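**Student:** Listed here are the chains, written in short residue letters.
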Amino acid sequence: MVGEDVITGVLESGGAEYEIASGFGVPFWKKAIGRDIEGREDFKACVGRFDEKAEGADVLNFTYGPSTGGLTESCKFNIYTYGERILSLRPEPAYKDRKLQVSGSGLEMANLKIERYCGPLSPFYSGMLTAAVEAIMGNGENNDLRLARVIMNEVSRISDHMHVIAKLAEGASQNVAYNLLFALRERLLRLVSKRFGHRYFFGINGFGGLARSADFRGISSEVGEIADEFRQIWIRLENSRIFIDRIQGTATLKRPWMVGPAARAAGLRTDTRTEGSCLRYDDLDLEVTSTTSADTLARALVRKDEIFASARIIEKAESMIREVPVAGRMSLVGINGEISVRTETPGGDSLMRVSLVNGVVRKIYIRPSSLQNLAVFTYGIKENLLTDLTFGYEGLGIHVSEVGGVL
Amino acid sequence: MAAEEVPLWTTTPVSTGIGEAQCPANAIKGTAVEIGRCISCGYCSPAFQPDGDPRTSIIRSTEKAFRKSFHIYLFDAGSCGSCNLEIKALGNPYYDMSRLGISFCATPKHADALIVVGVLADGMSAPLKKAVEALPSPRLVFAVGACAISGGIIGKSISGIVEADVVVPGCPPNPFTILDALQKSRGDRS
Ligand code: SF4
Ligand code: SF4
Chain A
2 MVGEDVITGV
12 LESGGAEYEI
22 ASGFGVPFWK
32 KAIGRDIEGR
42 EDFKACVGRF
52 DEKAEGADVL
62 NFTYGPSTGG
72 LTESCKFNIY
82 TYGERILSLR
92 PEPAYKDRKL
102 QVSGSGLEMA
112 NLKIERYCGP
122 LSPFYSGMLT
132 AAVEAIMGNG
142 ENNDLRLARV
152 IMNEVSRISD
162 HMHVIAKLAE
172 GASQNVAYNL
182 LFALRERLLR
192 LVSKRFGHRY
202 FFGINGFGGL
212 ARSADFRGIS
222 SEVGEIADEF
232 RQIWIRLENS
242 RIFIDRIQGT
252 ATLKRPWMVG
262 PAARAAGLRT
272 DTRTEGSCLR
282 YDDLDLEVTS
292 TTSADTLARA
302 LVRKDEIFAS
312 ARIIEKAESM
322 IREVPVAGRM
332 SLVGINGEIS
342 VRTETPGGDS
352 LMRVSLVNGV
362 VRKIYIRPSS
372 LQNLAVFTYG
382 IKENLLTDLT
392 FGYEGLGIHV
402 SEVGGVL
Chain B
3 MAAEEVPLWT
13 TTPVSTGIGE
23 AQCPANAIKG
33 TAVEIGRCIS
43 CGYCSPAFQP
53 DGDPRTSIIR
63 STEKAFRKSF
73 HIYLFDAGSC
83 GSCNLEIKAL
93 GNPYYDMSRL
103 GISFCATPKH
113 ADALIVVGVL
123 ADGMSAPLKK
133 AVEALPSPRL
143 VFAVGACAIS
153 GGIIGKSISG
163 IVEADVVVPG
173 CPPNPFTILD
183 ALQKSRGDRS
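Those protein sequence lines, which keep their order, are chains A and B.
Take the first sequence: its letters are residues 2 to 408, numbered as in my numbering.
Take the second sequence: its letters are residues 3 to 192, numbered as in my numbering.
Since the hints were derived computationally from the structure, they do not count as laboratory data.
Since we're looking at a predicted model, the values are computed, not measured.
Check each hint, because a few of them may be wrong.
Below, computed lysine-lysine pairings styled on BS3-like, alpha-carbon distance capped at 27 Å [claimed, not checked]: (1) A:Lys-317 x A:Lys-195; (2) B:Lys-111 x B:Lys-131; (3) A:Lys-383 x A:Lys-77; (4) B:Lys-90 x B:Lys-131; (5) B:Lys-90 x B:Lys-186; (6) B:Lys-70 x A:Lys-364; (7) B:Lys-131 x B:Lys-66; (8) B:Lys-158 x B:Lys-132; (9) B:Lys-66 x A:Lys-77; (10) A:Lys-100 x A:Lys-317; (11) B:Lys-31 x B:Lys-90; (12) B:Lys-70 x A:Lys-77; (13) A:Lys-54 x A:Lys-77; (14) B:Lys-66 x B:Lys-186; (15) A:Lys-100 x B:Lys-90; (16) B:Lys-132 x A:Lys-77; (17) B:Lys-31 x B:Lys-66; (18) A:Lys-77 x B:Lys-131; (19) B:Lys-90 x A:Lys-77; (20) B:Lys-158 x A:Lys-100; (21) A:Lys-100 x B:Lys-186; (22) A:Lys-77 x A:Lys-255; (23) B:Lys-66 x B:Lys-132; (24) B:Lys-90 x B:Lys-66; (25) B:Lys-90 x B:Lys-70; (26) A:Lys-100 x B:Lys-132; (27) A:Lys-255 x A:Lys-364; (28) B:Lys-31 x B:Lys-70; (29) B:Lys-132 x B:Lys-31; (30) B:Lys-90 x A:Lys-195; (31) A:Lys-364 x A:Lys-383.
Pairwise CB distance ranges, derived in the manner of DEER restraints [said to hold, decoys possible]: (32) B:Ala-128 x A:Ser-222: 42 to 52 Å; (33) B:Thr-109 x A:Gly-268: 24 to 34 Å; (34) B:Asp-98 x A:Ile-137: 41 to 51 Å; (35) B:Ala-108 x A:Glu-85: 38 to 48 Å; (36) B:Thr-33 x A:Glu-276: 43 to 53 Å.
Glycine included, every Cβ here is placed at the ideal spot set by N, Cα and C.
Same shape as in the complex, but just chain B (with noise of 0.2 Å):
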């Protein structure tokens, strides 16, 4: 992964110490920025500016069972479209994700890990409801992008039916912070 392959603005935004930032998702505490929150809009320019480092994810537990094969299903609560797409990239050929184990399923009584993106739509809280009881265990919650997470400028986040195991920030996070965060959340090394 080269530096400049990575979009600036899905990293950290870091205090510069010039001038004042008002920040439209609350994400900035002093000279800090609440990743989870953060819809990396840029318009705390120039006060902060972003580190350009993918490695954002944080991850509250992991699984180690899923280290040789990976399934994971994507859930669509209520995005704007973008995150889904990023997370769909990492089947292209630059992030080839399958070289890894990790592939798409189709149901979530087949998966390892739901991969959640979007606020909780509120037509989506019951379908959320049932594809977390369908997961098998051992099982990985992920909440993907600013929405899942904490909302965002958008909606209310998916912590109301299930509390994630592994947090992705970004608007949308982008494929490496994603993959990044798949890889940590089964004990690999990013």
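Isolated chain A (complex conformation) (with noise of 0.2 Å):
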């Protein structure tokens, strides 16, 4: 478990900044921050600054990236080496940082701005702004919306964990199993297209109801097929001695600040949707999986496994979903309020909190689950090889948009 001693993010609230030092239910702020915490670990974990380096006479500098073709998003990366084994890592996630100014912003602005954020985990992003504000206006939960919700964000994790399992492939030279999963992903894209009128769920969600209309009736067959196909795959692919020789013993680390497939391949069952999410899971089924080798192939059996958990919870949340709210345009002026909210994406536990004036943003902050994982990246790949840099940095599912923040 998570130990409260362990900070997790870092707020700005009244002109001072605070700590976030808890894993579970609702976090809570400590002290403003010293020096004092400015060399730990997991400091550096939340606020995204590392200055790991090696010297030497023979210690090499090489650096790939911001902008290269084996990066999907830019990210600069300082690799020191002897030339084989990777001393030390220290990543400059910032150059593509867009400086995404939410605060000022009206609430429907704030949304489509926040959908955009990191668009493959769109609907977590603005299911937490949307859960946000109807905390703030005093909106009971309704039952359908929730149920919506979790199926847009278990579709969602299936993509994206689906994703990071056809990156390790790739890398693995294993060039049929790579393309049966994109060949896959692409149509759990195509299904969300056709039901949602968008690949990556932009317009759909709204402040107390969707913002237009989607068809969930038979979705979780459809995902169902499609996870059965993936079990099919994911047999060969485990069955592959080059698959599994490139990701065991890949980037391992263990650490009590590590959140989602990560931490629970490290033996921490952690997962927000167990506890302190802005959407109930709690009858839904979830099962929580983790395993303790906490290397790339322990990650990749973690996402694995949370596909089928997925494709269970999304024919669940089917079963019990009577009508979904369609919101229209409700007024969102007069709004105050301040509260924080948490939900579990395909990368683990983020954390928004949002504070609003007169229906208009004040202020927004993320504490993003990349940031936590480009930091087991940094101190895992550590001692592995140069050859091990793709699977170590796939394996963790970094999205860099999400490390920007907002303004």
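Put the complex together from the two separate chains, hints included.
**Tutor:** What follows is the structure, given as structure tokens:
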């Protein structure tokens, strides 16, 4: 379990900075930051400032990025090595920081921007913002809306997990599996497109209801077929020595501040969906899987199991859903308040604090899971070989856009 | 391509004459939509409805030298990550761009076309300039997605650094639209 003294975020409020020092339940803030925490590994993990270096006569500093063919998103890595083994690695994720300006936006515009904070995870982030605003407005939970949001999140989780496993297969030159997995993910995106009008759920989540109607009928059987096909591909993948050899023992790390599949792969049974999420999962038969070897293989195994778990959650949610409200344009003028919400993105626990004045965003703070996962990569890849880089990085499902934060 | 496979809200919204539309991206001009500004949000419904045609790209110049072999380099100037994934999707078996002689390359030095996504983040200005300079001739530059084209609702477009030869609207554009643009940019039929 994550202890209370682990720093999992840093928050500005009223002109002062506070540590977010909890892992479970409602996050709480404690003392303003002092210099004493600047060197702490968990502090670096939650702010994304890394000063890892290696020095010596024969140490080479390779730079990779910020833009290269091997990376889907721009990020620079400084790699210190004698030529084969990675002595140290220092990521610089800020190159593509868009300084996304949300403060001062009306709520509908803020929601559109938050969807685009990290497009592949849009239902998670817009789901947090809409849930925060609904809570501030005192709207009681609408069960159908909750279930609709659960389904959207879990479909996105399957898509993200499949992408991660496909990238690992690609890195290991398992081209048949890679192509099958990418084709399967394409089917999932087309299913989303057909039912929601957009492949990444943009424009769907509204305040108090969906922004436009969507078709949930039969979604679980289509997702279930995709999950079944995924199972067949996985069985062949896990029988490939080449695949297993590349990811077993790679980027091994176990730390109390880890989140998501990385934490669960290290034996930490933490999952925001079981506690503290802005979406209730208590009636959806959520099973939290964990394993202990804390390497890229263990993370892939957790993601694999979560694909099936998400398919089951979608089935249960669809069986319970009745009529999902469509919000239309509701008045959001004059809302005031401040609240924190959390969700379990595919990469792990993410936190959002929303402060509103007169229906306008005063400040939104986000502590995303990709920050922690970038730290897992930074510390876990030490002593691995240069050829392990791809596996260590891709196995964590890091979204660089998510690292940037919002203003 | 079957019509239901196209994500509707990435295609051009057309006026239905029903009610008033409010566009958060200022893309609506009277009864028309400036498609390069459209962020595919669907907020103009029911006054506008998408026409379902993914062939929305604007081709400003073509290069026939790339008809047999076309190497493209994805450049992320400050994206949300979705445009990147839609471009990468061109390699999956559904689109299989390699059957058309199109492939990704690992550096702009080997590229026929630079495919730029995202708004122009401050930190990516210098790398984008370098990437454009590194392109051999002949070459094409694509602005893919509302962010790269107009800045969308997020930030600045890439036009301060480079003028795009090919504009691919959408947020994100769907892979059919991107593939269609790649084909047209080398003088092939859609
Ligand atoms: S879809 Fe959104 S951005 Fe595009 S025209 Fe309609 S309201 Fe404007
Ligand atoms: S155009 Fe849309 S999908 Fe593409 S990077 Fe910008 S916000 Fe993301």
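**Student:** Each hint: holds or not?
**Tutor:** A quick look at each hint next to the structure:
Taking the CA atoms of Lys-317 of chain A and Lys-195 of chain A, the gap is about 21 Å. The hint holds against a cut of 27 Å. Pair hint Lys-111 of chain B plus Lys-131 of chain B holds up; C-alpha atoms about 13 Å apart against a cutoff of 27 Å. A threshold of 27 Å between alpha carbons decides the hint, and for Lys-383 of chain A with Lys-77 of chain A the separation of about 17 Å falls inside it, so the pair holds. A threshold of 27 Å between alpha carbons decides the hint, and for Lys-90 of chain B with Lys-131 of chain B the separation of about 23 Å falls inside it, so the pair holds.
For the hint pairing Lys-90 of chain B with Lys-186 of chain B, the CA-to-CA distance comes to about 19 Å; that is within 27 Å, so the pair holds. The straight-line distance between the Cα atoms of Lys-70 of chain B and Lys-364 of chain A is roughly 52 Å, outside the 27 Å bound, and the hint therefore fails. For the hint linking Lys-131 of chain B to Lys-66 of chain B, the alpha-carbon distance of about 25 Å falls within 27 Å, and the restraint holds. For a cut-off of 27 Å, the pair hint linking Lys-158 of chain B to Lys-132 of chain B stands: about 18 Å separates their Cα positions.
For the hint pairing Lys-66 of chain B with Lys-77 of chain A, the CA-to-CA distance comes to about 35 Å; that exceeds 27 Å, so the pair is violated. A distance of roughly 39 Å separates the Cα atoms of Lys-100 of chain A and Lys-317 of chain A; the hinted pair therefore is violated under the 27 Å criterion. For the given pair, Lys-31 of chain B sits about 33 Å from Lys-90 of chain B by alpha-carbon distance, which is inconsistent with the 27 Å threshold. Straight-line distance between C-alpha atoms of Lys-70 of chain B and Lys-77 of chain A comes to about 34 Å, which puts the hinted pair past the 27 Å bound.
Between Lys-54 of chain A and Lys-77 of chain A, the direct Cα distance comes to roughly 14 Å. Compliance with the 27 Å bound is thereby established for this hinted pair. Only pairs whose Cα atoms come within 27 Å are accepted, and Lys-66 of chain B paired with Lys-186 of chain B is accepted, the gap being roughly 10 Å. About 25 Å separates the Cα atoms of Lys-100 of chain A and Lys-90 of chain B, which keeps this hinted pair within 27 Å; it holds. Taking the CA atoms of Lys-132 of chain B and Lys-77 of chain A, the gap is near 15 Å; set against the 27 Å cutoff, the hint holds.
About 35 Å separates the Cα atoms of Lys-31 of chain B and Lys-66 of chain B, which puts this hinted pair outside 27 Å; it is violated. A distance of roughly 17 Å separates the Cα atoms of Lys-77 of chain A and Lys-131 of chain B; the hinted pair therefore holds under the 27 Å criterion. In summary, the hint linking Lys-90 of chain B to Lys-77 of chain A is supported, as the alpha carbons are separated by about 20 Å, within the 27 Å threshold. Between the alpha carbons of Lys-158 of chain B and Lys-100 of chain A the distance comes to roughly 11 Å, so the proposed pair stays at or under 27 Å and holds.
This hinted pair does not check out: Lys-100 of chain A and Lys-186 of chain B have alpha carbons roughly 35 Å apart, beyond 27 Å. For a cut-off of 27 Å, the pair hint linking Lys-77 of chain A to Lys-255 of chain A stands: about 24 Å separates their Cα positions. With a C-alpha separation of about 25 Å, the suggested pair Lys-66 of chain B and Lys-132 of chain B falls inside the 27 Å cut-off, and the hint holds. Taken as a hint, the Lys-90 of chain B and Lys-66 of chain B pair is honoured in the structure, with Cα atoms around 23 Å apart against an allowance of 27 Å.
At roughly 20 Å between alpha-carbon atoms, Lys-90 of chain B and Lys-70 of chain B fall within 27 Å of each other, so this suggested pair holds. Restraint check for Lys-100 of chain A and Lys-132 of chain B: the C-alpha separation of about 22 Å stays at or below 27 Å, so the hint holds. Between the alpha carbons of Lys-255 of chain A and Lys-364 of chain A the distance comes to roughly 33 Å, so the proposed pair goes past 27 Å and is violated. Taking the CA atoms of Lys-31 of chain B and Lys-70 of chain B, the gap is about 40 Å. The hint is violated against a cut of 27 Å.
Restraint check: the Cα-Cα separation between Lys-132 of chain B and Lys-31 of chain B comes to about 36 Å, which exceeds 27 Å; the hinted pair is violated. Our distance criterion of 27 Å between C-alpha atoms is met by Lys-90 of chain B and Lys-195 of chain A, whose separation comes to about 21 Å. Note on Lys-364 of chain A and Lys-383 of chain A: the hinted pairing is violated, with a Cα-Cα distance of about 37 Å set against a maximum of 27 Å. Judged by the Cβ atoms, the range 42 to 52 Å given for Ala-128 of chain B and Ser-222 of chain A holds: they are separated by roughly 50 Å.
At about 41 Å, the CB distance of Thr-109 of chain B to Gly-268 of chain A disagrees with the hint of 24 to 34 Å. A hinted range of 41 to 51 Å holds for the C-beta pair Asp-98 of chain B and Ile-137 of chain A, which are about 48 Å apart. Ala-108 of chain B and Glu-85 of chain A have their C-beta atoms about 21 Å apart, which leaves the hinted 38 to 48 Å range violated. In this structure the hint that Thr-33 of chain B and Glu-276 of chain A lie 43 to 53 Å apart at CB holds, the actual value being about 51 Å.
In this structure, the hints that do not hold are numbers 6, 9, 10, 11, 12, 17, 21, 27, 28, 29, 31, 33, 35, in rising order.
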